[in-house]
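All chains, please: the whole structure from these sequences, using the hints.
2 protein chains.
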Amino acid sequence: MNHYQCLIIGAGPAGYVAAIRAGQLGLKTAIVEKDAIGGMCLNWGCIPSKSMIESARLFERLKKAGSYGIDGVDPKALSFNWAKALKRKDGIVTKLVKGVGFLLKKNGVEQLGGEARITGPGRVTIGDLEVSADNILVATGSRPATEPFRELSAGRVVDMKAFFGLQNPPASALVYGDGIVAAETLLLLAGIGIPVELALPGDTLLPELDGSLGTFLARRLKKMKVTIHKNVKQLAEAGETLRVDGADSACHTVLNCARRVPVLPVFEGAQPDLKGKALKVDEHCRTSLPGVYAAGDGTGQRLAQIAMTMGMAAVEHMAGQGEPVDMSRIPLNIYTDPEIASVGESEESLQARGAEYRKGEFPLSANGRALAGGAAEGFIKVLAEEPYGEIVGVHIVAPNATDQIAQAVSMLQLECTLEEVARMVHAHPSMSEVLWEAHLDALGRPLHK
Amino acid sequence: MNHYQCLIIGAGPAGYVAAIRAGQLGLKTAIVEKDAIGGMCLNWGCIPSKSMIESARLFERLKKAGSYGIDGVDPKALSFNWAKALKRKDGIVTKLVKGVGFLLKKNGVEQLGGEARITGPGRVTIGDLEVSADNILVATGSRPATEPFRELSAGRVVDMKAFFGLQNPPASALVYGDGIVAAETLLLLAGIGIPVELALPGDTLLPELDGSLGTFLARRLKKMKVTIHKNVKQLAEAGETLRVDGADSACHTVLNCARRVPVLPVFEGAQPDLKGKALKVDEHCRTSLPGVYAAGDGTGQRLAQIAMTMGMAAVEHMAGQGEPVDMSRIPLNIYTDPEIASVGESEESLQARGAEYRKGEFPLSANGRALAGGAAEGFIKVLAEEPYGEIVGVHIVAPNATDQIAQAVSMLQLECTLEEVARMVHAHPSMSEVLWEAHLDALGRPLHK
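Chains as they are written, first to last, in this note's numbering: chain A, 1 to 449; chain B, 450 to 898.
There could be a bad hint or two in this list.
What the hints assert, rightly or not - Listed next, the stretches of chain B that the computed footprint assigns to chain A, with coverage defined by at least 3 CB atoms under 8 Å from CB atoms of chain A:
{"hint": "1", "segment": "465 to 479"}
{"hint": "2", "segment": "497 to 505"}
{"hint": "3", "segment": "511 to 523"}
{"hint": "4", "segment": "745 to 754"}
{"hint": "5", "segment": "873 to 884"}
What the hints assert, rightly or not - With a straight-line Cα cutoff of 20 Å, these simulated EDC-like cross-link-like pairs (lysine to aspartate or glutamate) come out:
{"hint": "6", "chain 1": "A", "residue 1": "Lys63", "chain 2": "B", "residue 2": "Glu509"}
{"hint": "7", "chain 1": "B", "residue 1": "Lys898", "chain 2": "A", "residue 2": "Glu110"}
{"hint": "8", "chain 1": "A", "residue 1": "Lys76", "chain 2": "B", "residue 2": "Asp520"}
{"hint": "9", "chain 1": "B", "residue 1": "Lys533", "chain 2": "A", "residue 2": "Asp74"}
{"hint": "10", "chain 1": "A", "residue 1": "Lys233", "chain 2": "A", "residue 2": "Asp159"}
{"hint": "11", "chain 1": "A", "residue 1": "Lys76", "chain 2": "B", "residue 2": "Asp523"}
{"hint": "12", "chain 1": "B", "residue 1": "Lys513", "chain 2": "A", "residue 2": "Asp90"}
{"hint": "13", "chain 1": "A", "residue 1": "Lys98", "chain 2": "A", "residue 2": "Asp35"}
{"hint": "14", "chain 1": "B", "residue 1": "Lys533", "chain 2": "B", "residue 2": "Glu509"}
{"hint": "15", "chain 1": "A", "residue 1": "Lys449", "chain 2": "B", "residue 2": "Glu559"}
{"hint": "16", "chain 1": "B", "residue 1": "Lys682", "chain 2": "B", "residue 2": "Glu596"}
{"hint": "17", "chain 1": "A", "residue 1": "Lys359", "chain 2": "A", "residue 2": "Glu347"}
{"hint": "18", "chain 1": "B", "residue 1": "Lys533", "chain 2": "A", "residue 2": "Asp71"}
{"hint": "19", "chain 1": "A", "residue 1": "Lys64", "chain 2": "B", "residue 2": "Asp523"}
{"hint": "20", "chain 1": "A", "residue 1": "Lys280", "chain 2": "A", "residue 2": "Glu316"}
{"hint": "21", "chain 1": "A", "residue 1": "Lys233", "chain 2": "A", "residue 2": "Asp248"}
{"hint": "22", "chain 1": "B", "residue 1": "Lys554", "chain 2": "B", "residue 2": "Asp484"}
{"hint": "23", "chain 1": "B", "residue 1": "Lys671", "chain 2": "B", "residue 2": "Asp697"}
{"hint": "24", "chain 1": "B", "residue 1": "Lys672", "chain 2": "B", "residue 2": "Glu509"}
{"hint": "25", "chain 1": "B", "residue 1": "Lys898", "chain 2": "B", "residue 2": "Glu826"}
{"hint": "26", "chain 1": "A", "residue 1": "Lys222", "chain 2": "A", "residue 2": "Asp248"}
{"hint": "27", "chain 1": "B", "residue 1": "Lys544", "chain 2": "A", "residue 2": "Glu377"}
{"hint": "28", "chain 1": "A", "residue 1": "Lys64", "chain 2": "B", "residue 2": "Glu826"}
{"hint": "29", "chain 1": "B", "residue 1": "Lys536", "chain 2": "A", "residue 2": "Asp71"}
{"hint": "30", "chain 1": "A", "residue 1": "Lys84", "chain 2": "B", "residue 2": "Asp520"}
{"hint": "31", "chain 1": "A", "residue 1": "Lys106", "chain 2": "B", "residue 2": "Glu810"}
{"hint": "32", "chain 1": "B", "residue 1": "Lys513", "chain 2": "A", "residue 2": "Asp159"}
{"hint": "33", "chain 1": "B", "residue 1": "Lys555", "chain 2": "A", "residue 2": "Glu361"}
{"hint": "34", "chain 1": "A", "residue 1": "Lys63", "chain 2": "B", "residue 2": "Asp520"}
{"hint": "35", "chain 1": "A", "residue 1": "Lys87", "chain 2": "B", "residue 2": "Asp520"}
{"hint": "36", "chain 1": "A", "residue 1": "Lys64", "chain 2": "B", "residue 2": "Glu509"}
{"hint": "37", "chain 1": "A", "residue 1": "Lys63", "chain 2": "B", "residue 2": "Asp523"}
{"hint": "38", "chain 1": "B", "residue 1": "Lys512", "chain 2": "A", "residue 2": "Asp71"}
{"hint": "39", "chain 1": "A", "residue 1": "Lys64", "chain 2": "B", "residue 2": "Asp539"}
{"hint": "40", "chain 1": "B", "residue 1": "Lys512", "chain 2": "A", "residue 2": "Asp248"}
Derived from the structure by calculation, the hints contain no laboratory data.
Please read these numbers as outputs of a predicted model, since none were measured by experiment.
All C-beta atoms in this analysis are idealised placements derived from N, C-alpha and C, irrespective of residue type, glycine included.
Quick look at the structure:
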């Protein structure tokens, strides 16, 4: 029977990153995957969506080519070739999946195919294979939700894994969800001309983030005349279209962008403590079972960057080095156009805990680089807590929000104050000046506002 | 005779930003401009070039539309309409110039048109108008160099101010220079299909930056088969083409992207100390004359962000608040495609002073977001000084280098170490992961390399 110092179940972002790190740390490591290396994120989630979104962005931008001084484009002659865009996506995914396989090998990680069952302390079976391990990392990810889709036949509801394999886009789509995936998918389809509607489980988009972000998106959808159904409890078929609770929808297909459900391996002996349907873990990603760690969606988290962070923290702890995971400064990216990104506290959470804070805001429309780039929609909002003016939250709507947020993460992590940012030189012209001016605004001295 | 607490000569980025800040600080302020509010940067430099570059970028991208899954674009039918692109640029410049005028008014700054002469301590005349001031800020900018263009007739050499007013692009262009403007202009013209050559005053492009950046550009130009003339001393006409020292050039027009020459106002009485042709200033931007400050190109600097920083520092010092200007952490942006950006020390400068350092590098080609975006050319290089691993230089070639560099500025400014960056969570997928991985690489533990 093979013995490992570290056995990882699941090769999505939590698992494969943990495996690479474990290899670097010198742990004898194996990783078990029953489907595809890279998991949901690489094969049917983050990467496919960013590839398709890039195609859709270019499609939208092309229509305005004339105003940039480009002759020879007839906007009416343009059409989006879904199959070709998918093919481009496939090439990127294949390249990255191969890359992860190569990295696992390079770092001495053994790859095992199949479904793992935890049969006892330090014991795992994969099909007929039985192995033992000092420590196990459960990184089994998540599956699509089944509510509120139970009344729909199989062909009428499409989850994200199926979506990125569709040979044609849906003729019309009701997007169900209120998070990142719902926002990205809705705007991707709208961008390529597919009629869309939105069905929210509650009454807002991005309910966990600073209210300014959901408000921006809602306004944009209103401008695009996208119908929004709120507090949706049940979806049903009505011939070629749908019923959303009591109301009619003009759409045929439902896209399941609901919050996903944790997937756990079978534990044959002692059962781990749960928190809802997810594995309960401590700040070192330990479950209640000795020698069993967990990371990523199986612990009730949702973002790839959290999965990676937890995976690394878990194996570092196995190797006696781990630092506790700090969930307070995790950036979140949404690849809409303009993009949305956020880190730290929302204004609502500051108000809820009665914190004394300053707020700064600056619009992209006052930034030369944004205007020159033809993408001046959006704003940056900065929140700083008194008495020191320490930056505790940054919320961005901008064409490059997903890049800019990294600066904000640095500032939060280094416990930086507004005055410190005011003294940093930001290149001119650049969109980073918007972030700078939002800080100056919080200090009452914006330059260009 | 009107009296001001602060009189600013020149309304480019040094002057107009200083004026806004002076107004915020409650100083009775006037600003004198003989030409256009916003100066070179806003009217004929940074902003026009970024507008035209955006058009050229879209033009290049459009040719690949098919591979993104967009049907209906015939690459052969595409043509770049210079006049239309200029018109778009004009609209952006006009909007921003108006904006600056509005901000000056809003902050109580009086605007005076004409050329200022400093007639004595605290005395300035503008045409027939004589005014007095507690303090004067000289922000008079720069003018095009005249060497090595003396043998060329007026129609054969075009400076940047003239360039952005040309109703047609040159049929072919020899770009003279080795800095930001030369690199941007060369690639802008090449991008829209104009035959170009490069004439370097020395033997490298971007000679003052980390060598990896100039090397990247040189390789790219070689791939594009752009002829590079080195150590160029004199340019001459040869019928419809040019002679570059002893060699032939196939180009007709020379673009003057040489390092510009400081412009100073007339000082009728005591003369200020100079450093070369520029005004000598201390860390609070004071010249050798009491009550006379200077900022920007007139002090031998070249970047708008330095001009703005100096302008603000000067008026803050007038108001008794100024902090010394720190030139060691000024980011520099180049809007080529991919973009180039840099902050802090180069590897060459670390070697020259015998510093012990670590180096990390990470290629964009290993980043999922870059691949999905169709822009995976480039790298990020990080330099950290021992024994603490303090980050002292970051050098970026990436499609969004000019955004990403702002995070590097924060890290340098906050004296951050490699280990601190390693522990920051970077969103997935995002190009900020390249910066993160470059830091991990310097620590010997990159994940995706």
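Status of each hint after checking the structure:
1. 465 to 479: Holds, because 4 residues of the segment 465 to 479 of chain B bring their Cβ atoms closer than 8 Å to Cβ atoms of chain A.
2. 497 to 505: Result for this restraint: holds, n = 5.
3. 511 to 523: With 11 residues in contact (Cβ-Cβ under 8 Å with chain A), the coverage given for the segment 511 to 523 of chain B holds.
4. 745 to 754: holds (count 3)
5. 873 to 884: Coverage by chain A holds for the segment 873 to 884 of chain B (10 residues, Cβ < 8 Å).
6. A:Lys63 - B:Glu509: Roughly 15 Å separates the two Cα atoms, so the pair holds.
7. B:Lys898 - A:Glu110: With a Cα-Cα distance of about 18 Å, the restraint between Lys898 (chain B) and Glu110 (chain A) holds, given a limit of 20 Å.
8. A:Lys76 - B:Asp520: holds (11 Å)
9. B:Lys533 - A:Asp74: holds (16 Å)
10. A:Lys233 - A:Asp159: Between Lys233 (chain A) and Asp159 (chain A) the Cα gap is close to 18 Å, so the pair holds against 20 Å.
11. A:Lys76 - B:Asp523: With a Cα-Cα distance of about 13 Å, the restraint between Lys76 (chain A) and Asp523 (chain B) holds, given a limit of 20 Å.
12. B:Lys513 - A:Asp90: holds (17 Å)
13. A:Lys98 - A:Asp35: holds (14 Å)
14. B:Lys533 - B:Glu509: holds (16 Å)
15. A:Lys449 - B:Glu559: Satisfied, since the Cα-Cα distance of roughly 18 Å is no more than 20 Å.
16. B:Lys682 - B:Glu596: holds (8 Å)
17. A:Lys359 - A:Glu347: Holds, because 9 Å separates the two Cα atoms, which is no more than 20 Å.
18. B:Lys533 - A:Asp71: holds (9 Å)
19. A:Lys64 - B:Asp523: Within the cut-off at roughly 16 Å; holds.
20. A:Lys280 - A:Glu316: The hint holds at about 19 Å.
21. A:Lys233 - A:Asp248: holds (14 Å)
22. B:Lys554 - B:Asp484: Within the cut-off at roughly 18 Å; holds.
23. B:Lys671 - B:Asp697: holds (18 Å)
24. B:Lys672 - B:Glu509: Holds. Lys672 (chain B) to Glu509 (chain B) sits at ~16 Å (cutoff 20 Å).
25. B:Lys898 - B:Glu826: At roughly 16 Å apart (the allowed maximum being 20 Å), Glu826 (chain B) and Lys898 (chain B) satisfy the hint.
26. A:Lys222 - A:Asp248: holds (18 Å)
27. B:Lys544 - A:Glu377: Given that 20 Å is the threshold and the Cα spacing comes to 15 Å, the pair holds.
28. A:Lys64 - B:Glu826: violated (26 Å)
29. B:Lys536 - A:Asp71: holds (14 Å)
30. A:Lys84 - B:Asp520: holds (9 Å)
31. A:Lys106 - B:Glu810: Holds: Lys106 (chain A) and Glu810 (chain B) sit about 18 Å apart, inside 20 Å.
32. B:Lys513 - A:Asp159: Distance of about 30 Å is beyond 20 Å: violated.
33. B:Lys555 - A:Glu361: Satisfied, since the Cα-Cα distance of roughly 18 Å is no more than 20 Å.
34. A:Lys63 - B:Asp520: Holds. Lys63 (chain A) to Asp520 (chain B) sits at ~12 Å (cutoff 20 Å).
35. A:Lys87 - B:Asp520: holds (14 Å)
36. A:Lys64 - B:Glu509: holds (15 Å)
37. A:Lys63 - B:Asp523: Distance ~14 Å between Lys63 (chain A) and Asp523 (chain B) Cα, so the pair holds.
38. B:Lys512 - A:Asp71: Holds - the C-alpha atoms of Asp71 (chain A) and Lys512 (chain B) are around 12 Å apart, at most 20 Å.
39. A:Lys64 - B:Asp539: Holds. Lys64 (chain A) to Asp539 (chain B) sits at ~17 Å (cutoff 20 Å).
40. B:Lys512 - A:Asp248: Given that 20 Å is the threshold and the Cα spacing comes to 43 Å, the pair is violated.
The structure fails to meet hints 28, 32, 40 from the earlier list, while all remaining hints are met.
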